[in-house]
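Peer 1: For reference, the chains in residue letters:
2 protein chains.
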Amino acid sequence: MTQLKDRECEACCKGAPLATQEEIDEMMPEIPDWEMIEDDGIKKLTRTYTLSNFAEALAFTIKVGELADDVGHHPTLITEWGRVQVIFFSKKIQGLHVTDFIMAARTDSLLNS
Amino acid sequence: MTQLKDRECEACCKGAPLATQEEIDEMMPEIPDWEMIEDDGIKKLTRTYTLSNFAEALAFTIKVGELADDVGHHPTLITEWGRVQVIFFSKKIQGLHVTDFIMAARTDSLLNS
Numbered sequence: 223m224t225q226l227k228d229r230e231c232e233a234c235c236k237g238a239p240l241a242t243q244e245e246i247d248e249m250m251p252e253i254p255d256w257e258m259i260e261d262d263g264i265k266k267l268t269r270t271y272t273l274s275n276f277a278e279a280l281a282f283t284i285k286v287g288e289l290a291d292d293v294g295h296h297p298t299l300i301t302e303w304g305r306v307q308v309i310f311f312s313k314k315i316q317g318l319h320v321t322d323f324i325m326a327a328r329t330d331s332l333l334n335s
Numbered sequence: 223m224t225q226l227k228d229r230e231c232e233a234c235c236k237g238a239p240l241a242t243q244e245e246i247d248e249m250m251p252e253i254p255d256w257e258m259i260e261d262d263g264i265k266k267l268t269r270t271y272t273l274s275n276f277a278e279a280l281a282f283t284i285k286v287g288e289l290a291d292d293v294g295h296h297p298t299l300i301t302e303w304g305r306v307q308v309i310f311f312s313k314k315i316q317g318l319h320v321t322d323f324i325m326a327a328r329t330d331s332l333l334n335s
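Going down the list, the sequences are from chains A and B.
Following our numbering, the numbering of the first sequence begins with 223 at its first residue and continues without gaps.
Following our numbering, the numbering of the second sequence begins with 223 at its first residue and continues without gaps.
Just so you know, the hints here were simulated from the structure itself, not pulled from any lab data.
Misleading hints may appear alongside valid ones.
Keeping only pairs whose Cα atoms sit at most 30 Å apart, straight-line, the calculated DSS-like set for lysine-lysine is [what the hints assert, rightly or not]:
(1) K313(A) to K227(B)
(2) K265(B) to K227(B)
(3) K266(A) to K227(B)
(4) K285(B) to K313(A)
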C-alpha cells in the first residue's frame, strides 16, 4: 500500500470534503505522534517536535515551511528554543482534509532528512 | 540619545532585574506597535507582523530567528500564511528584562531591511 507521505496531495478548495471518520481511522496510525485537537470547534492536527537548541528548531521550521510552500498547503509553525509545534488544518473547509494528514506524514519524514 | 535598537543587550541571568516601570515608560514609545501582555502571570512583549504571503512570513521568521540566535535571546515565533507573531520575554526571570525591549526594537528594524 502507498505510504501516507507518498500519496498525492489533493487541492483543497471550498466545498472539498472533510476527511471521513473511516479515512481518519485509517490514516492516524501512520502519524502516531500527531494529535487531533479541537480549536474553536475546528479540528486540527498538531505535533510538537523536540530539537536540541534554537538554531535546530529554526532549521526545522525552514524545512517544514519550504515543503509546505512547495505544496501550497500551509501550517502554523511555532518556533521556540528546542522545539517546533506544527499545526495543520484546512482553512477553506474549516477542518481536516486528507491533505492535512499527508502533510503531517511528510513533515515527520523531514525530521531526519 | 542612543536609540533602543542600538543599545547593548545585557546578559539576562537568574536574579537579573525585571525592567522597572520607569524603564518601561521610557522604552515603550520606541516600540509603539508592540503590546505588553500577561500570560499565566508572566509579562511578555508581542507584535504580529503582516506579510504578503507564506514565503514572506517564513523569510521574516528566518531573519528574526537568526538575529535572536546571534544575540542569544530567543523569542517565540508563530509563522502563518501572511503573518508572523513574535513574543519576547525572559524565561530566567519570568518577565521582562530591558533586553526584551531592545530585541523588540531590533526586530522592528528588520522589517524593511
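Peer 1: For K266(A) and K227(B), compute the direct alpha-carbon distance and say whether it is at most 30 Å.
Peer 2: Answer violated: K266(A) to K227(B) is near 38 Å, above 30 Å.
Peer 1: If you draw a straight line from the CA of K265(B) to the CA of K227(B), is it 30 Å or shorter?
Peer 2: holds (20 Å)
Peer 1: Could you grab the alpha-carbon distance between K285(B) and K313(A) and see if it respects the 30 Å cut-off?
Peer 2: holds (27 Å)
Peer 1: For K313(A) and K227(B), compute the direct alpha-carbon distance and say whether it is at most 30 Å.
Peer 2: violated (37 Å)
When the structure is compared with the earlier hints, violations turn up for hints 1 and 3 and for no others.
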